[in-house]
Amino acid sequence: MAYNILVVDDSVIVRAVIKKTLDLAGIDIGEFFEAGNGKEGLSILRDNWIDLVLADINMPEMTGIEMVDRMAQNGLMKTVSVIMISTEGSQTRVEELKSKGVRAYIRKPFTPEIIREVIDQVLGAGDERNDS
Amino acid sequence: MNGTIRETLIDVFCRVLEQVAFAFGEETPKEELPAAEFSGYLLCGIAFRGPFEGAIEMALPSELCRELAANTLGAERESVAPEMAADALKEIANVTCGQWLTNVAGEKLVFDLSVPTIEDLGSAGWKELRSRASSIAMVVDDAPVLIDISVQGDIPSD
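The listed protein sequences derive, respectively, from chains A and B.
The numbers in the numbering used here rise by one with no breaks, and the one at position 105 of the first sequence is 138.
The numbers in the numbering used here rise by one with no breaks, and the one at position 97 of the second sequence is 135.
Among these hints, one or two may not hold up.
Computed list of lysine-lysine pairs in DSSO-like fashion (alpha-carbon distance at most 27 angstroms, straight line) [unchecked claim]:
(1) B/LYS146 - A/LYS133
(2) A/LYS141 - A/LYS53
(3) A/LYS131 - A/LYS72
(4) A/LYS131 - A/LYS111
(5) B/LYS146 - A/LYS131
(6) A/LYS111 - A/LYS133
(7) A/LYS72 - A/LYS141
(8) B/LYS165 - A/LYS141
(9) B/LYS68 - B/LYS165
No wet-lab data here; the hints were simulated from the structure.
Okay, chain A solo, but in the shape it has when bound (with noise of 0.2 angstroms):
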């Protein structure tokens, strides 16, 4: 099965990265959408049928954790799995997240392996590709 995949990140260079590592991690995607602040993913999401949302915390405009905050607001787009990958390495912060619905947190820098590791486990699609 192929997700569709927003990446949140004011860094080209990170969602250039993100979308090689993704790559890299053999993840099947169908669509890539990119946004460089949390404003973006949300136009993103409300016009697009997004699987699965990569985004930074600190951006300018809008922050990951304002967009989460939005995203709980909305039917459906609280139904969309977020991952956040941000540099942040404070516990505190990383529960703060899970408990605004974020699925999993990932730290820079990051690994193709750590990427699927954690994809796998938020969108259960291990078994799938192991078995094809």
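Fit chain B to the given chain A structure using the hints.
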């Protein structure tokens, strides 16, 4: 500058360079860095706020930043757009700041990080940064680099 703050910053910066951009850095005597005669440097700043606050600054040649961007993307240097150079430096500053905070303050405290800023660094700016007692001279892939950190407030001992 407190020894732990300084040594941890050098350690974290070198580790992040290696992990993110496959580049290698080491501290060098400040006298070995150019005093002022140069062009094409970028200055990146990132601030943090929490139980204590402060900021990290990094000055790197823009050509080195372009090389770091190419390494990060696994691409040829010539194929990397100049704006990607600034983006690579911002990301290195961002990851360095997050890792440094965890190293010195542990995993319980929460900090808010600013969006990294970037600007062209003129000769006067380099001279000022180099003259600070707290700034650290580094060599990254044979290129001169300056980093600095300022901290206000006490870092908890636990």
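Evaluation of the provided hints:
1. Taking the CA atoms of B/LYS146 and A/LYS133, the gap is about 18 angstroms. The hint holds against a cut of 27 angstroms.
2. With a C-alpha separation of about 15 angstroms, the suggested pairing of A/LYS141 with A/LYS53 holds against the 27 angstroms cut-off.
3. Restraint check: the Cα-Cα separation between A/LYS131 and A/LYS72 comes to about 21 angstroms, which is no more than 27 angstroms; the hinted pair holds.
4. For the given pair, A/LYS131 sits about 13 angstroms from A/LYS111 by alpha-carbon distance, which is consistent with the 27 angstroms threshold.
5. About 15 angstroms separates the Cα atoms of B/LYS146 and A/LYS131, which keeps this hinted pair within 27 angstroms; it holds.
6. The hinted pair formed by A/LYS111 and A/LYS133 meets the criterion: a straight-line CA distance of about 10 angstroms does not exceed 27 angstroms.
7. For the given pair, A/LYS72 sits about 22 angstroms from A/LYS141 by alpha-carbon distance, which is consistent with the 27 angstroms threshold.
8. For the hint pairing B/LYS165 with A/LYS141, the CA-to-CA distance comes to about 32 angstroms; that exceeds 27 angstroms, so the pair is violated.
9. Distance check on the hinted pair: B/LYS68 and B/LYS165 sit about 11 angstroms apart at the alpha-carbon level, within 27 angstroms; holds.
Of the hints listed earlier, the one the structure fails to meet is number 8.
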